[in-house]
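Asks: Each chain, letter by letter, is given below.
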Amino acid sequence: MALDTVATAAANPTTEQPWRELGLKEDEYARIKEILGRRPTSSELAMYSVMWSEHCSYKSSKVHLKQFGEKAPKSDALLVGIGENAGVVDIGQGYAVTFKIESHNHPSFVEPYQGAATGVGGIVRDILTMGARPIAIMDPLRFGPADAVDTRRVLPGIIAGVGGYGNCLGLPNIGGEIVFDETYAGNPLVNALCVGVMRHEDIKLATAHGTGNLVVLFGAKTGGDGIGGVSVLASETFASGKAAKRPSVQVGDPFAEKVLIECSLEIFAEDLVIGIQDLGGAGLSCATSELASAGSGGMAIQLEKVPLRDPSLSPEEILMSESQERMCAIIEPSKLSRFMKICKKWDVTATVIGEVTDGEHLHITFNGELIVDVPPRTVAHDGPVYNRPIAKPAYLDSLKPVTLPAISNPKEIKAALLQLISSPNIADKSWVTDQYDRYVQGNSVLSQPEDSGMVRIDEQTHLGVAISTDANARWSYLDPYNGAKLALLESCRNIATTGAKPLAVTNCLNFGSPEDPGVMWQFSETVRGLADICLEMGLPVTGGNVSFYNQTGAVAILPTPVIGVLGVIQDVRTRTKMGLPAAGLEIFQLGNTDDNFSGSEYAHLHGQIGDHAPTPDIDAEIRLVNLLLEAQQFFQSAHDISDGGLAAALTETVLKNSVGATIELIEQYIPGGLTAGLFAETPGRVLIAVDPVNIEEVRALSNKYNVPMHRIGKSGGSALVINGESIELTELRRAHTETFAKLFN
Amino acid sequence: MATIIVEVMLKPEILDPQGQAVASALPRLGFTFAKSVRQGKRFEIIVDGEPTAAQLAEVENAAEKLLSNPVIETYVVRVEK
Amino acid sequence: MATIIVEVMLKPEILDPQGQAVASALPRLGFTFAKSVRQGKRFEIIVDGEPTAAQLAEVENAAEKLLSNPVIETYVVRVEK
Amino acid sequence: MRIGVVTFPGSLDDSSALRAIRLAGGTPVPLFHASDDLKEVEAVVLPGGFSYGDYLRCGAISRFAPIMASIIVAAEHGFPVLGICNGFQILCESHLLPGALTRNQDLHFVCTDQALIVENTDTPWTNGYAKGDRIIVPIKNGEGSFQAGADTLKQLEDDGRIVLRYVDKNPNGSQHDIAGISNARGNVVGVMPHPEQAIELLTGPSEDGLTFFTSVLHTMVGR
Ligand SMILES: Nc1ncnc2c1ncn2[C@@H]1O[C@H](COP(=O)(O)OP(=O)(O)O)[C@@H](O)[C@H]1O
Ligand SMILES: [Mg+2]
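Line by line, the protein sequences give chains A, B, C and D. With this note's numbering applied, the first sequence corresponds to residues 213 to 957, in that order. With this note's numbering applied, the second sequence corresponds to residues 254 to 334, in that order. With this note's numbering applied, the third sequence corresponds to residues 254 to 334, in that order. With this note's numbering applied, the fourth sequence corresponds to residues 12 to 234, in that order.
Please keep in mind that the hints were generated in silico from the structure rather than gathered at the bench. Possibly wrong hints are sitting among the right ones.
Listed next, the in silico SDA-like pairs over lysine to any residue satisfying Cα-Cα at most 20 Å (straight line) [as the list claims (entries may be wrong)]:
#1 A:K517 with A:N579
#2 B:K264 with C:P265
#3 C:K334 with B:G302
#4 A:K868 with A:V933
#5 B:K264 with C:I258
#6 A:K556 with D:D48
#7 D:K165 with C:P265
#8 D:K180 with A:N957
#9 C:K264 with D:G160
Because the structure is a prediction, the values reported are computed rather than measured.
Input sequences plus hints: build the corresponding full structure.
Replies: And the structure:
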């Protein structure tokens, strides 16, 4: 019944505590006692347990992630690196851009709409926290088989949730991915990316300094959301086991977040904050301990001042609550009244809950009683670090090469092509993307289904940024080291295809259980590959997220490193689109095709995965990117060739503006023949269309960069004709677009 | 012909942004009666003849499976008099 | 403390796509009881003490002005027993 | 020529509307919902968005904003008002326009490039179009299905007050394919499509929407 205060804890050192129920290991609990020199109070125990969880402390991944720092290429662009809420890069003209991907996988399985919605809400706050105006979002998603019953439950809800929250925030959705694979059944992946922009001088950090400065909590009231296991403590402390009911699902309030954004930006514009932190995972525990440990002194919080939605919350629960749409700012007392005025203007609740002290500890009191007295660093940063066992998984030894019937007669081409482009992974995704606002803010230069999303940053100078997210989980399954590299290279290629120059990287690493040595091997190889490729490409990793325990029973998901690359384009008016704009253009394939079908969609349709991922040719990819950037002015259209191979790329290119094409692939020039020519997913290839008058210029540049350039056809007509076999665009369109409506309406 | 009503409300512990928006709009319009407002859904289901016990059990079942989301909502089934 | 309920339904002549969606989903799940379904809103308003006649008149007023749109909706105010 | 754009809590396309006015050659003036001051603007745009989260009903809460009191009075005196999407919903809730906008028939939010026919060019917002012009403008809404009683519909048709009509496809189940209407006097126009997102080829499907904003500027000059 009584509050478990620091004094009580000191006086009763042997009180039993439910550390195990809270997910702590015996040695972790012992460490806490050692740090404090006594047993923790129940509030302290709550804080440590959640901050030392896998999700918040990165205890299994830390030892690997540090490669991103160690191998980091020299980059002048990096203004804020890993460690803050999101990294910040310089894009020139005084602008800084921040972007990051996060996962919200498990909540989205439990309650698809709200899980996805709050996932968007969380990443947007991370971006806002840096001082930036959020300007766009993307949503890389993974689902179980498209026709599985549970996918029909999960997918529409997740799409509606991403749209419901993002649309209401006024953030254009400019891209993402939708991929189906058996391993995501029971464990869909909802990753969300947000990008924001600010002036250099407006960058904000999560830090609390200046004795006497105030800690202000603003935004939504605190409810019992997401406190999970911590209710154990509440029932312990408040005895009699009748803890009030706590929500099992968090409900997002996008309207509250929208006004929070406007309110925060107005506060930033008047330079009213010293430090700021959003409340995400671990709520106030995280915000107070991180702010304090990044600051100069200590912090004193009066927890009873936190405005509550549910008055029955115990102090432990208030500390743990993950209620959405809240922020915590450090401000000078002299600026309080101005701060409050802005909050009032936007109808945002704001409350002073404490102050920065000249001590070294984080002190939290509840109605005058001291319930937390900890060195904040020990909570925020000195969590356990594990070197989990790693073992190359056995499945790698029993992989079999892909064996496919070769296609050569035109009838078979047509049938195979229609089957491929109507398969859920390749089919048109407008059923999904039409539920997202891509226009709002009026700066969307490119959005789905283009190779990358692109937004204008400055209307006068036409400066813009492009973003692409990519993952090829099947390649990562076959070869996680190269899989990660290939994903990043694909992202870079997508960026360059639209005319932007790759600048920085974020990532979201979705994996199975870190306690499985095989998964841990996949993870460590992935990080090694990603760190290496970033060094080779000269791109800094600015931040990211790790999501472990994505598995159903003993079956882990495919290792899914989702890579996001940010690029800069000096003049967005020069961007290149994917659709053929007119008849009479010459169509070329840049790059060579080979006959490896491993991990391809075509093999997947035949129930096979194959035995080896492509070996990335980094030098060739760099030359290709450089060629794309220099020759871009001569392209009438350009489209990356990846999932679904040339067949899919051609389909998308002709359908975009309903301009057909006649294609002639010369079988004997392609290793693997026509089948490979159309369906292999060899990396490093781009489909371009060039006005005949510019062919010589493009050829000269392709020679300069030593990139193979194959003429494969000409645009025009109302059909896609491949080696004499004609598919009317209407038929092609039907096959490409019907799939989602049939599955999900 | 009878009307069966299914009322679906968010569980009390679940955030109700819509109810909150109404609760804060009311006083701005000079209405001060509400201590709190929650917003839910109401389904009017027309059935043939007088509802039988078996039919009501079916409706309960449908309310559980389709009309409400048991993760965040509760429901009540009643027959309109 | 008492609860006042405001029920808001679309007028019968106004298209109700949500009700229709439910009506067509039910038989797909094997539920055949419904001749038709309409979906509306339900507000639970908590007031201090027993609701007075004046308070109920106020609620009527709020239901008319804010909680419903008389162009397309009708409402009913009742006190929860 | 000063044209106001009102920001309600949750307005989203206010910045785009301000940009459209600027590109059309006008002086954009931001207005805030909580003040009844129209700042001497000569016309006003209620922009798209999710004011108050679209909670309760779209536009239902914004309708009571102090600025709306001023706008309602001005509108009754012939002041040009354009409501776009959420703005249209607010105008209906305010009873400046008849009917109501309800959930899209398929219950999905829909964002698409929509073909439209301009039918009524006797409004300050559409007089730059020719009757029967076919334009492509994005729509993006979850509750854009125009519904009204039979009498209202007949009157709208008889008086030629249908400003925009969907063609090729009806995206939301709107009665009579209605995408936009005007009040009897013609000064108040509500449209579901977003002309402010069709003002530059770089960022929109067309430039067809700009005429809404040039029209009102010409009207004002002509006065
Ligand atoms: N896979 C990763 N790659 C790079 N940085 C990472 C990765 N995972 C986490 N980080 C970084 O670690 C820090 C802590 O992450 P996290 O706790 O998720 O931050 P937040 O709670 O603000 O979202 C952040 O700076 C984040 O960018
Ligand atoms: Mg954060």
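Asks: Look at each hint and say if it fits the structure.
Replies: Status of each hint after checking the structure:
For the suggested pair A:K517 and A:N579, the alpha carbons sit about 9 Å apart, so the restraint of at most 20 Å is met. With a C-alpha separation of about 29 Å, the suggested pairing of B:K264 with C:P265 is violated against the 20 Å cut-off. For the hint pairing C:K334 with B:G302, the CA-to-CA distance comes to about 27 Å; that exceeds 20 Å, so the pair is violated. Proximity of A:K868 to A:V933 is assessed by CA-CA distance (about 16 Å); at most 20 Å being required, the pair is judged to hold.
Of the supplied pair hints, the one linking B:K264 and C:I258 holds, its CA atoms being roughly 16 Å apart against a limit of 20 Å. Distance hint between A:K556 and D:D48 is fulfilled; the C-alpha atoms sit about 19 Å from each other, no more than 20 Å. Among the hinted pairs, D:K165 with C:P265 is consistent with the structure: their alpha-carbon atoms are about 19 Å apart, no more than 20 Å. For the proposed pair D:K180 and A:N957, the alpha carbon gap of about 18 Å is at most 20 Å, so the pair holds.
Restraint check for C:K264 and D:G160: satisfied, since their Cα atoms lie roughly 10 Å apart, inside the 20 Å limit.
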